[in-house]
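Protein sequence lines, in the order shown, are assigned to chains A and B. So in this note's numbering, spot 34 of the first sequence is number 34, and the numbers just go up one at a time. So in this note's numbering, spot 233 of the second sequence is number 359, and the numbers just go up one at a time.
These aren't lab readings, by the way, just hints derived from the structure by calculation. Ideal Cβ placement from N, Cα and C applies to all residues, glycine included. Treat the hints loosely; a few may be bogus.
As the list claims (entries may be wrong) - DMTMM-like, lysine to aspartate or glutamate: derived pairs with alpha carbons at most 25 Å apart:
1) LYS25/A <-> GLU43/A
2) LYS462/B <-> GLU410/B
3) LYS381/B <-> GLU514/B
4) LYS25/A <-> ASP73/A
5) LYS363/B <-> GLU92/A
6) LYS25/A <-> ASP119/A
7) LYS25/A <-> ASP374/B
8) LYS25/A <-> ASP105/A
9) LYS381/B <-> ASP29/A
10) LYS25/A <-> ASP385/B
11) LYS462/B <-> GLU513/B
12) LYS469/B <-> ASP435/B
13) LYS363/B <-> ASP105/A
14) LYS363/B <-> ASP374/B
15) LYS363/B <-> GLU348/B
16) LYS25/A <-> ASP416/B
17) LYS25/A <-> GLU444/B
18) LYS363/B <-> ASP29/A
19) LYS363/B <-> GLU47/A
20) LYS363/B <-> GLU111/A
21) LYS25/A <-> GLU513/B
22) LYS469/B <-> GLU419/B
23) LYS462/B <-> GLU438/B
What the hints assert, rightly or not - If you want the ones that stay clear, here's a sample from chain A, every Cβ over 10 Å from chain B, calculated:
24) SER36
25) MET38
26) TYR46
27) PRO53
28) ALA77
29) VAL80
30) PRO96
31) LEU98
32) ARG99
33) ALA116
34) ALA122
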Amino acid sequence: MTALSLAGRTILIVEDNFVVATALKYLIDGYGGSVSAMAPNLERAYEALAATPVDIAVLDINLNGTSVVPLADHLRAQGVPFVFLTGYGDEELLPPHLRGQPRFDKPVEAERLVRALLDLTAMNRG
Amino acid sequence: MSRSEGNRATERSGAETLGENQEQILLERARLGIVLIMAGIAVVFVGAYFLHPDQRPYINLVQGINFVVGAVALRVLHDSTRRAFNFAIGYGVYVVTIVAAGTAGVLAGDATTPLIIFVGLSVITATLLPWSPWWQALSVLVITATAIWMVSTVITTPHLYWVQNVGSIAPTLVATVFISAALQRQRAVVEHAERDRCSREASLRTANARLEQEIQEHQRTEEALRFAMRELDHRVKNTLATVQSVADQTLRGAKSVSDFREAFAGRIQALARIHIALAGRRWEGLRVSDLIELVVGPYRHDRESVSIDCDETFVSSELVRVLGMTLHELATNAAKHGALSTKAGRVTISSSTAANGASRLHIRWSERDGPPVSTPTYRGFGMTLIEEALAYEVNGRVALQFQGGGVRCEIEVPVPLTSA
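Build the full structure now, drawing on both the sequences and the hints.
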């Protein structure tokens, strides 16, 4: 059995809460991944994507009242896989075509999240 | 409308229906009576025409036909829903009567003409005309003129003829007056019933509208409640995520279990105090002075150690959370290493709001008379939070300096132009 490792993966975190975002960053760092940027809103997320291409993105659905859906559609068009972070009730913000994406309730279970990130990047590469 | 009122209304309407029915039967009998009388008179006149063709032939014939037509009209044309039709036929009959009787009267030279016109007018007025004041006034005027004409003619007519005419016409007039009164009463009853029905309908509509309004209000309340519950769930999940993240990062920087316990408890208590204050103000926000007192106040070991000189700018609930956490880290740092760790140390916190285009809130944190400080070599979670959280979440600016005399921190965050 090999230990979980995100080595070689560049990951974008889009999350409006600084404390939660930094915890995620440390989590990913801890598994060997590389966080390209933490973005609290759509604007900063687009800037970060333009500056550094990423393998996968972690998206909070509700960014201080703003829906993350436009960014998700953009990523899908670019072929970049992503997972959603949700608080209860946030799923209602998602249009039907995005409801099949992996979703993780807050607070996040680290290992499940890392496994999902690995699966998605593996599929993307394979 | 209450239930008992509703019942009373039903009873009243029942009694009226009964009264209307009796009125209707009476009216029908009166109508039948007058028709029979008119038919009888018609038979007398027509009989006279055939039995005594030499005596007033045209007048007897015309009077006979006239009474037949009147009787048929009265029997057929009493449907109140076809008032315009009845009116046309009634006055048509009247015109024919005038022309025929006038011609016959001129040929015979007696009083029959005005008598017939008088009777025809009375019947039509009593039974067929619309029951409006103008039509009544007009009818009374015409009938009065005809009566004057009749009386002046009858006086000059041979004795026997006018006895015969008046004798045949008098019962008709009496019946007409009776039927007219009955019709008037019937109209009043129908109008009253109609008004009553309208008012019942109106009160039903009002009650219905009120019910619908109540249902809508109920739905709105339910919707608001569902929204509030979703919002609460959202906050709880976010709070749990924050707690988990704070725990992770406190643990990361902790040198010992007691170190972790103290730092973690302090952070959670600060979050809890902010939560309680916000919930007490329905999540609308806090005044900056209240927020600072709430977060820094617990670290004041005597009255002079912390002085707060802040304006009344209102801070939204989202900003309260991150600004409160930042201030908490400054306070806990001061209590551990800075001015609040000694009895002589002082912390001064002041704020002001400058508006140029957008409004910006400046908070100045200044420590003095504490132990000498220097820029720390290790940047823990607290330091990261102070310097980065406001910039990250609300586009704020934080300048933290470790000068010899004490820590200084300049915070600048955008706030909405309106303040409470």
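Hint check results:
| no. | hint | result |
| --- | --- | --- |
| 1 | LYS25/A <-> GLU43/A | holds, 19 Å |
| 2 | LYS462/B <-> GLU410/B | violated, 33 Å |
| 3 | LYS381/B <-> GLU514/B | holds, 23 Å |
| 4 | LYS25/A <-> ASP73/A | holds, 23 Å |
| 5 | LYS363/B <-> GLU92/A | holds, 15 Å |
| 6 | LYS25/A <-> ASP119/A | holds, 19 Å |
| 7 | LYS25/A <-> ASP374/B | holds, 11 Å |
| 8 | LYS25/A <-> ASP105/A | holds, 17 Å |
| 9 | LYS381/B <-> ASP29/A | holds, 21 Å |
| 10 | LYS25/A <-> ASP385/B | holds, 23 Å |
| 11 | LYS462/B <-> GLU513/B | holds, 18 Å |
| 12 | LYS469/B <-> ASP435/B | holds, 21 Å |
| 13 | LYS363/B <-> ASP105/A | holds, 8 Å |
| 14 | LYS363/B <-> ASP374/B | holds, 16 Å |
| 15 | LYS363/B <-> GLU348/B | holds, 22 Å |
| 16 | LYS25/A <-> ASP416/B | violated, 33 Å |
| 17 | LYS25/A <-> GLU444/B | holds, 22 Å |
| 18 | LYS363/B <-> ASP29/A | holds, 24 Å |
| 19 | LYS363/B <-> GLU47/A | violated, 28 Å |
| 20 | LYS363/B <-> GLU111/A | holds, 19 Å |
| 21 | LYS25/A <-> GLU513/B | holds, 17 Å |
| 22 | LYS469/B <-> GLU419/B | holds, 19 Å |
| 23 | LYS462/B <-> GLU438/B | violated, 29 Å |
| 24 | SER36 | holds, 15 Å |
| 25 | MET38 | violated, 7 Å |
| 26 | TYR46 | holds, 16 Å |
| 27 | PRO53 | holds, 22 Å |
| 28 | ALA77 | holds, 27 Å |
| 29 | VAL80 | holds, 22 Å |
| 30 | PRO96 | holds, 19 Å |
| 31 | LEU98 | holds, 19 Å |
| 32 | ARG99 | holds, 17 Å |
| 33 | ALA116 | holds, 17 Å |
| 34 | ALA122 | holds, 26 Å |
Checked against the numbered hints above, the structure breaks hints 2, 16, 19, 23, 25 and satisfies the rest.
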